[in-house]
Every structure is written in C-alpha cells, then in structure tokens.
Amino acid sequence: MTKTNIHHWVDICSLDDITPNTGVCAKVADQQVAIFYLHPENELRSLDNYDPIADANVLARGIIAEVEGKRVVASPLYKQHFCLQSGVCLQDQHIQVPTYQTRIKNNTVQVLSPNQEAQV
Amino acid sequence: MQNYRVVVIGNGMVGHKFIETLSEQTDQVEIITFSEEPRLAYDRVQLSGYFAGQSAEDLALTNEDSYRNLGVNFYLNDKVVAIDRSAKQVKTQSGNVVGYDKLIIATGSTPFVPPIPGREQPHIHVYRTLDDLDAIQASARQSKSGVVVGGGLLGLEAANALKQLSLDTHVVEFAPQLMPVQLDKNGGKLLRQKIEKLGVSVHTEKNTQRIINGTDARYRLEFADGSWLETDTIVFSAGIRPQDELARDAHLDIGPRGGIVINELCQTSDLNVYAIGECALWQQKIYGLVAPGYKMAKVAADHCLRSLSLIDPKKTSQTFTGADMSTKLKLLGVDVASIGDAHGADDNLVSYSFRDEFAEIYKKIVLSPDRKRLVGAVLVGNTDDYGNWLQLYLNKMTLPEAPEQLLFPFEEGNDSASAASSLENLPDSAQICSCNDVSKGSIITCIYKGTRDVSALKSECNAGTGCGGCTQLVGQLLDNELSKMGISVDKSICPHFPYNRSELFDIIKVKKLRTFDSVLAQCGSRLGCDICKPAVASILASLWNEPVLNPQHVSLQDTNDAFLANMQKDGTYSVVPRVPGGEITPDKLIVIGQVAKDFNLYTKITGGQRIDLFGAQLNELPMIWQRLVDAGFETGHAYGKALRTVKSCVGSTWCRFGVQDSTTMAIDLEKRYRGIRSPHKIKMAVSGCARECAEAQSKDFGVIATEKGWNLYVGGNGGMRPRHADLFASDLDDQTLIQYIDRIMIFYIRTAERLQRTSVWLENLTGGLDYLREVVIDNKLGINSDMEAQMANLIDSYQCEWQSTLKDPQKLKRFSHFINSKETDSQVIFVTEREQIRPARIEEKQRATEEA
Chain A
1 MTKTNIHHWV
11 DICSLDDITP
21 NTGVCAKVAD
31 QQVAIFYLHP
41 ENELRSLDNY
51 DPIADANVLA
61 RGIIAEVEGK
71 RVVASPLYKQ
81 HFCLQSGVCL
91 QDQHIQVPTY
101 QTRIKNNTVQ
111 VLSPNQEAQV
Chain B
1 MQNYRVVVIG
11 NGMVGHKFIE
21 TLSEQTDQVE
31 IITFSEEPRL
41 AYDRVQLSGY
51 FAGQSAEDLA
61 LTNEDSYRNL
71 GVNFYLNDKV
81 VAIDRSAKQV
91 KTQSGNVVGY
101 DKLIIATGST
111 PFVPPIPGRE
121 QPHIHVYRTL
131 DDLDAIQASA
141 RQSKSGVVVG
151 GGLLGLEAAN
161 ALKQLSLDTH
171 VVEFAPQLMP
181 VQLDKNGGKL
191 LRQKIEKLGV
201 SVHTEKNTQR
211 IINGTDARYR
221 LEFADGSWLE
231 TDTIVFSAGI
241 RPQDELARDA
251 HLDIGPRGGI
261 VINELCQTSD
271 LNVYAIGECA
281 LWQQKIYGLV
291 APGYKMAKVA
301 ADHCLRSLSL
311 IDPKKTSQTF
321 TGADMSTKLK
331 LLGVDVASIG
341 DAHGADDNLV
351 SYSFRDEFAE
361 IYKKIVLSPD
371 RKRLVGAVLV
381 GNTDDYGNWL
391 QLYLNKMTLP
401 EAPEQLLFPF
411 EEGNDSASAA
421 SSLENLPDSA
431 QICSCNDVSK
441 GSIITCIYKG
451 TRDVSALKSE
461 CNAGTGCGGC
471 TQLVGQLLDN
481 ELSKMGISVD
491 KSICPHFPYN
501 RSELFDIIKV
511 KKLRTFDSVL
521 AQCGSRLGCD
531 ICKPAVASIL
541 ASLWNEPVLN
551 PQHVSLQDTN
561 DAFLANMQKD
571 GTYSVVPRVP
581 GGEITPDKLI
591 VIGQVAKDFN
601 LYTKITGGQR
611 IDLFGAQLNE
621 LPMIWQRLVD
631 AGFETGHAYG
641 KALRTVKSCV
651 GSTWCRFGVQ
661 DSTTMAIDLE
671 KRYRGIRSPH
681 KIKMAVSGCA
691 RECAEAQSKD
701 FGVIATEKGW
711 NLYVGGNGGM
721 RPRHADLFAS
731 DLDDQTLIQY
741 IDRIMIFYIR
751 TAERLQRTSV
761 WLENLTGGLD
771 YLREVVIDNK
781 LGINSDMEAQ
791 MANLIDSYQC
801 EWQSTLKDPQ
811 KLKRFSHFIN
821 SKETDSQVIF
831 VTEREQIRPA
841 RIEEKQRATE
851 EA
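Residue numbers (the working numbering), protein chains in the order written: chain A, 1 to 120; chain B, 1 to 852.
FYI, nobody ran anything at the bench for these hints, they're computed from the structure.
25 Å max Cα-Cα, derived SDA-like pairs, lysine to any residue:
#1 B/Lys569 to A/Gln91
#2 B/Lys845 to A/Tyr50
#3 B/Lys813 to A/Pro20
#4 A/Lys79 to B/Asp490
#5 B/Lys588 to B/Trp654
#6 B/Lys822 to B/Val554
#7 A/Lys27 to B/Phe815
#8 B/Lys511 to B/Ser785
#9 A/Lys27 to A/Ile104
#10 B/Lys509 to B/Asp490
#11 B/Lys315 to B/Cys435
#12 A/Lys27 to B/Ala840
#13 B/Lys569 to A/Ile53
#14 A/Lys79 to B/Arg754
#15 A/Lys79 to B/Ser492
#16 B/Lys822 to A/Pro20
Quick caveat: nothing in here was measured; it's all calculated off a predicted structure.
Chain A on its own, in the form it takes in the complex (with noise of 0.2 Å):
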C-alpha cells in the first residue's frame, strides 16, 4: 500500500472547458464529482453529482442560482436547491450531498481527491 498523499489534488480540465456559471461532471476516484464555476465570483464549488431525491447522478446539469444569499443549485429533475457550500437540501434540511473541495491552478481545474481511493 502506497502511502503518498492520502489526499491530493487531481487535475481535471481547464478552467476554460466550464462556462461561467455551469457545471461539469468529473470522474475522481470512482466518485461523480459535480463541479460549478461561479460568476462573476470566479470561484469553483464543488458536490457530489448523485441527487438523492431523485436517485440520479444529474446535479451538473442544474441551473446555478442565489437564493436568500446562498449559491445554490436547483436540481434539474425536480428543482429543490441544493447549497454550493454545504451540500444541504434548502427545501429539506435533513438531506445533504457531500461536498468536494475544488481549486484553480494555473487555470487548471484541481479537485481534492477523497481518501478511500488514496488508500488502494
């Protein structure tokens, strides 16, 4: 068992592959990552792709939003919001998709990649 970084950061794509205020979904260690590209911020959030309400891996796809001063996406098949920060379910607080922690390096889109894959 290799023991480098247990997490580290995998490159996905350039930042210049996401339009402002999109998402894509990226593959990292077996796990659906959705990634958002936020704007005018400029920044990159990042949730797990599968939406739990309705049992499919779609959350990239949703329109990316602000309500009550949180960024949000609205999931595409049943349009309940879902925060870019937390991962909560706005309309049902007892439901939360992970979250992925995401960077821009030398324009390079970089997701931190979760540990179980580290560990094989």
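With chain A's structure known, arrange chain B on it following the hints.
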C-alpha cells in the same frame, strides 16, 4: 332510501337545472323525467353554434351516464299527455303511468307561427330544437336563399344560422326596426346597418300575407304593402307561446294569453304541481330568457325539498320575485346590450345618447326625472359598459353629478377609479354574474378564503363562466378587495426582478438588452435564480432568437433546453425529431427505426403525431442527431417552451368528408412557427372538416376547415385542466388565418406570465376574447405591424438548433457525462420489457450491482 318521487315533465335547460339542483341536495328523492325530444337537455342558447362546428355532444348539458350516476330515470321520445291530479299520476304517449309526490312542469315554449296561408309546406321551419336545425340544414342543401320571418333576438340568431349555412340570408320584420323589444329606434337602425354590411338583407315594416310558389325561387312571400320576396327556405321566428296544454287540460290556472300561473314559490294552483321556465306565468309575465328560468328551477327545488321536510328549515327559503330582462349578446358578430327600459318613452325620463358613426357605436342611457338613477340603456357595437351600467341599474345606485359622463368612460375623472368606487358601493347581495347567480358577497368570501386570481375565482365560485360579460367586474372586485386587505399583489417573477414577465419583456425590448447580465444590471439585483434565468432566456429568444446554447445564454437554460433533449427520471434523454403535420415518408420512418435500433432506444408514438426515442445518454445525443440531421430531420423542440407540433388529419386529400387540405396547412403552420420560444409550450392542430379528428379545440391554436375557409380557435388545453378553445374568427382565407395566428402568438408572447398557457392567459386577459379580437382584428392598440415585424424576424432567423450545434466543437464539449473521461454513467441501468429497454427499478439496480 328514496321515500319520495318527483316527476319532471320536459328535459330542456330549465328542467335539467331543476334536476341538477335537486339531486345535489338530497338522495332521498327518486327523480323521473320525460322528454318529447330524442336527447337529454342541451344548450338552446348556443344553438347557432351547431352550424359553426359544434356537435350535439358539444351542446349537451348532460349525458345519459351522468343521469344514471345521479340516479335519475329518464324517458326520451315519450311525451307526457295527461296529468291526473287527484290520483297524482302522469300518463305518457307510450302508455306509461307514473305516480308523483311533486310534479314539475318544465315544458318550455313553442315557436309561434302566424296563421299565414301556405305556411305548412316543406322547407318552412321553426328554430328551437336540434331536430329543427337538422331540418333547416337539410333544406339548405337544396336552397340558395333563406328568409327569417321575425327580426327579434331569436330571429337574428336564426339568420346567423342561415348565413353559416351559406344561404343568401334575409330577415323580415313586422315592426319598423330590428329587436323592437330590446332596442330603441337608433339602436335598431345601427344594428341593421351593421348586419347589412355582413351581407344579411333586412326588410322592416313587412306584414307577410301569404306564401305562394315563386318564379325564381321555391317560394314567394307576399307582403301587405304589395311588395314580395322570393326565397327557397323560410324560418319562422315570430315569438314564442308557452307550452301549457297539459296544465290547461288538468284545469290548472292559466293566464288569459296563455302561461301556467305560478306564485312566488313557483307553485301552480295545485300546490303539489310546480311550473318553471317559459311555460310559467308570473304576475302576467312570461320570462323568455334562461337566467330567470334557472332561478325558478332553484326556487322550485328548494321548495320541493322544504315541503318534503328534506331541508334544514332554518335555511333561508328562496322565492321568485321576477327577473331583470337586461341582456348582452353577440348577434351575427355584432355586440348588442339592453338594460331595463331601453326606450325611455315616458316623457318625464331623461335620455342621453352618443353615436359614433365612424366606429359604428351607439350608446344610450335613460335616467330618472331627477337624473339620479339609471332606468335603462342601449349599447350597440360596443358593450364594454354593460357590466358597470347593469350594476348601477340593478342596485338603484345614485349616479354622479353630470351622469351623461357615463357615455364617455375613457375621459378624465371618469376612469376605472370611479368604476372601482361604484363597485365599492354595491351591496354584498348585488348579483355580479347573472348567468350563474353569483353575488358580490360570495365572490368576496372566496377572495378572503385565499383565491387570488381571476381564473381561480372562476373555478371556485363559477362567476364569469357563463357569457363572460362580468369578467372585468370580477377582476376589479378582486383588485379592490386585495388592496383593502392590504395585500399588494406582488407580481414580481422572483426576488431578483421587481417586475412581472410582460413588464420585463417591455424593458428588454425597449432597451434592446441581449444578455441576462445586462438585464440584471439594468433592472434586477444580485445574481439571479432558476426562476428568472429561464424566464429571461425565453424573452431574449422570443425577441432576438439567438441560439440558446451560445455561451452567454447556455447557463440560463432550463433542464431540457440546456441539452436540447428531454431529461427523463434516470438522467438519460429522449429525442424527438420534428415530423411536420405528422406526415412522414417511409424512408424517414426507416431512418428513425434504424437509429433507435443502433443506439438501443425505447420508441413510443407521441400524442402529437411524432416518435419519441428514449434512453439516450448525454454523449450519444450528438451522434444520434448527426444521423437524423443527415437524413433531413430537424429538431422537434420537444424540450422547449415553444411550438411543439401541429397535429392534423389527412383532410380533403384523402378523406371523403374533408373540405380543406388540412395536412398542407398543418405543415405550413408548423414550419412557420417552429422554434419560436414562448412563455410556455404551444400546441396546434388542423382538422379538415367539422368532424374534428385532429382535436383542434383542445389546442392553444386550433384550426377547423369550413366550406369557405378556416375557423380559428384559441386558448384550448388538454391535460389536467382541459378547456375547449374559443372560436376566434370564422371562414378565414389562408392568408388571414396566418396573419391572425401571427398576431395572437406575438401578443401572447408579449403579455403572458411566465409558464402561463394560452388558456389561462386568455381567461385572465382583461376584456377576454372580445378584447383579443379588438387588438388582433381591429388593431385597437395600433401594434399589429410591429407584431408582424417581430414575427417576420423570428421566422427569418430560424435555424435548427441541432444542426448548428453539431457544427460547433465548443458547444459539443458539454455533451459528455464526464469532463475528464469518455466513460458513461455506470449507474444508468436498463432492463428489457416487451422487447425494449426501460430504466431499472431500485430493486433491479441493487440486484445488478450485487451480481457485478
């Protein structure tokens, strides 16, 4: 347990109303009804609609199944011939003898045919029942011309029917003017002028002496003044006579000039027998309108239950105390209204009138000697004032100083604010909707219970669902009450824009804004949301028609627009190629089949005559569309708030009943309007004849072929809130049809709320269908050329979104499940059912994962 039996003689509109009212309130009464006609109750008021494409089913007020469900026993084609009051039994033509506890006589009236020699010949008719209409229609097939004897309300309805049957139509009236009962001389004169313009010849002061054989036509009517008129078909509409023989034979009290005498509980001289509707005589008066008949039906039902002790005695009892005969209607397309004493013949009364010869409008008010009360009015050519004036009249309200200003509602100091204050002064008991007897009080109760828009009020309390004449008043009442409750009706589309959709549309149009960011900067705040982004995207597309996947627009698009396909429950997509008018070649069918087979897609025929291909993954969409585009297909916009399909039948090309080429028209319309983004989806259909196989009346725009052209219907809907479309205009040629659809569609795009279908839009449009006609046909707002220019731009700038997307590698990048991998979503799992794929259910998915 049914302890009592009520027998209803006659199943016309009023008899049916009685049955409906009684059966709603009790199940302890057995109801039996007899009709001499072969069918249950239908709408006699709309009879002329029968020749404008409405079928007997459309006109039906009920059907045999609903009667069975209500437990009503009915006997059709079986006329009651005798009443035995001592035995409490009735006897019918076929020999049925049935006992009763309470008897309702609702036999209506018969048309009066003056005793003119020669009247009993073929092709000479009356105008009352559907059978009469069938007979008139049969005659029309062998006729070129038709004459209606009688220029009253019903006579003009009959003239409309003859005109719709394409006969050279004449109206003969004994009096010096048309509608002598309801209109004054000047009103009658203008009505005549307008009707003659429509091609109906009017002959007044003609006393028909006899009918003899004609030389150029089948008959000749000879008049007392020596003149004559030749015609092939004659319809008598010279008044009605109460059908009271049964009551006469049973020795019930009858008025000197006919009519069964009733008291204010609608009882006859035998207290167990009631008479309602046109056969009943209340204080020497016969009421020949449906509203008073309905009122009598309710009174009789209430009293029946009361005397059988089936109703809470504490409930206020109803009485019939006469009815107002004011009326507003459209005769041969001309708006006419009459309130109270239209003539104002009494010298002490004060009249004012206004005549606009250019716009062909006539208005007259008749005031009390002190000018404080409205006692009568006439409106011809424009009846917008009817609702307000009727309230002033019915509630004996005090008129403002200078009451003559009522004639000029648009002048300063006499605007809608004063209409609102007059509405404010109405008592709660004031009847707002006369068709359904809905009071101001009950509408207000509805509003306080939480109903907040006009169309919801219509379905909650029925107001405005009859003739629609009170819709404007209902809207004003709603606004007044909400502002009194301190509720400012916030019509903003979302927290980011303090505007409703049509305001936003105007801002974007006038300021020529082309991106969401500029719209937000100009008139919004913060960052936008999933409500305003697609709404603005739709407006931008309706105005400038730039491709929705362009970089500045793509982030605004709703789920389906975002990938030009319809997302299904598992995140896969369905694909619908356009099949204009539902016409498709075998080669193209084969292409669709081959594509579906190659990509393993589930196929299903849609309700709009197209083929839907399900189960495509994001990365497959461009490949599928490349194949379809290569074969000559275009996108079907099944994903967009835009024109979906124009459904059609095969029309005169193949069908032996078709009268126009409906398929070609459907294809033309579909190609014309394809891709135009609108507040909600738009469906259309074109039927090649009145049989209506394309179901056009359930569409936003329905077109039905006539012998002379096309009838255009608007505002229909299927789905969860079905609505029959309203007839907008008749017998249009191709060019006018398209011109009207162009204008209505743009007007809808400009003024509708977000996600508002045409049906709700039309119901909420102040002034309703008449206003829409004024805008589109009369160019009331002077915006028709502007609307046509907008439509021309949209048509010119059309491009198939899939075709252009396929040419743009930047846009195609988004069509992949992962941005960093060619893999697809491993959690999309299909199973096979009836030889095709379908998404796996949860337990099937779990099994599949375990096996893996």
